[in-house]
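All residue numbers for the sequence shown refer to this note's numbering, where the first residue is 1 and numbers rise by one.
Hints may contain errors.
As the list claims (entries may be wrong) - Listed next, the in silico DSBU-like pairs over lysine-lysine satisfying Cα-Cα at most 30 angstroms (straight line): (1) K265 with K305; (2) K67 with K145; (3) K147 with K67; (4) K257 with K232; (5) K300 with K265; (6) K289 with K305; (7) K257 with K284; (8) K265 with K284; (9) K351 with K284; (10) K300 with K351; (11) K119 with K136; (12) K305 with K290; (13) K300 with K290; (14) K300 with K275; (15) K275 with K387.
Said to hold, decoys possible - Cβ pair distances, simulated, as ranges: (16) K147 with G126: 27 to 35 angstroms; (17) F211 with V355: 33 to 41 angstroms; (18) D266 with F17: 55 to 63 angstroms; (19) K136 with I22: 31 to 39 angstroms; (20) S68 with I22: 55 to 63 angstroms; (21) N339 with K275: 14 to 22 angstroms.
The set of hints was computed from the structure by calculation and includes no laboratory data.
Note that the Cβ used here is the ideal one computed from N, Cα and C, for glycine as well.
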Amino acid sequence: MLKNISLKLQFTLFFVFFVAAIYSMVIITSLQQITWLTVSLGADRGMPIVDAAAAVIDGDSFEALSKSLDPQDPYYEKTRLALLDIKEQSGCLYLYTMAPAGGSIFRYIIDGSGPPDNKELFSPLGAEEDIAAYLKPVLQVMDAKTKPLSRLDNSTQYGFLSSTWAAILNSSGEAVGVIGCDFMVEDLAGRLWFQMWRQFIVCAVFSILGFAGYLYLLNRMSKQNQHLRELKERAEAVSLELKEERDTIAAMKDALKVGLFFMDKDFIIQEHYSKALESILEVKKLGGKKFTDLLTARIKEQDLKNLREYLGLLFNRSSIQEEDMLKQMNPIPRMYYTNPETGEEKTLNCKFVLVDRGGGGLFIMGNLQDITRESHLQRQLTAESQKSMEEISKLKSIIQNMESGGKEI
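Please put together the full structure from these sequences, using the hints given.
Encoded structure:
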């Protein structure tokens, strides 16, 4: 699918998603910081209160009351009044104690949030509540036993509440209930919205500036891309022309009856050579093979030794004049090449020239031409010419003898 979308549109979508990600990260981070600060402040206020409440609660008496649920128990009323006094002095919204009743159901045991006639704040002994929404931190506090815990909750009735809990322990050190303290942080929502809108506006301003800069750079990039496309088209046109020239040269090279090749200072034949070379040397895949090794046992040992020395002199020549002189000193302008498998002998015309291909790359260009047929015809012609000369000489002798005999008669 991305292949069907223009590069410009891809960049634009990336920019939009990138900005959206930054928005989300900044806003979420700000909200987390405000929430963490609120929880920290709530803990600073709530922990002294639950500590004070824990000081007036006897764990064994609390455990017995949570089992009997007897409102006439003197311990119940005495402790309720003590918790109510702590609540009024601290200014918290709720101060209560609860005991587990099974699952996520907990029972209110002693509630110091208000007097019994205040139905909105007070929860009577044994009243049950499903605390599934904050069951995990309550159980965590009871498991920790001695470590209070605070968190932030959003209540549908009171809005944001900062809650702090501490475990109630009996004389055996077992957690038999929890003390809860809630503060209402009604201004938190306003602070959250204010912070969120402020971050949104700041991000929007910078995004507009960034988008303007992005469009400017994108426009420049589009012009640059257009220029690069034009250069690419020109390069492709030139490349096509070069390919056609290379194909033409390759076709001409393959049509040559001459074995042309390059070899390096180690006499290694390079990959590109004329096809005629394989036919002349009767060896396939010559690229990477050592030229002098191919001639071993195929030419005279002394000729091979002279050739190695000559090629070495070509590589080590010190001047153009010396190179010209070396061309004339070719020790084997004609090479008598024998196939060790068939015993067939060929006569090869040999030429070697040093070529500088740039970058310090020196190569010898070899030129081998099979002149076996021409050499054979030349020898045959020489022999026939010699025979003709001999016959002419004999004929002259006969004629001379005949002429001398006639005169005597």
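Status of each hint after checking the structure:
no. : hint                               : verdict
1   : K265 with K305                     : holds (16 angstroms)
2   : K67 with K145                      : holds (20 angstroms)
3   : K147 with K67                      : holds (25 angstroms)
4   : K257 with K232                     : violated (39 angstroms)
5   : K300 with K265                     : holds (22 angstroms)
6   : K289 with K305                     : holds (18 angstroms)
7   : K257 with K284                     : holds (16 angstroms)
8   : K265 with K284                     : holds (22 angstroms)
9   : K351 with K284                     : holds (21 angstroms)
10  : K300 with K351                     : holds (18 angstroms)
11  : K119 with K136                     : holds (27 angstroms)
12  : K305 with K290                     : holds (15 angstroms)
13  : K300 with K290                     : holds (17 angstroms)
14  : K300 with K275                     : holds (25 angstroms)
15  : K275 with K387                     : violated (40 angstroms)
16  : K147 with G126: 27 to 35 angstroms : holds (28 angstroms)
17  : F211 with V355: 33 to 41 angstroms : violated (59 angstroms)
18  : D266 with F17: 55 to 63 angstroms  : holds (58 angstroms)
19  : K136 with I22: 31 to 39 angstroms  : holds (32 angstroms)
20  : S68 with I22: 55 to 63 angstroms   : holds (60 angstroms)
21  : N339 with K275: 14 to 22 angstroms : holds (18 angstroms)
Comparing the model with each numbered hint stated earlier shows that hints 4, 15, 17 do not hold.
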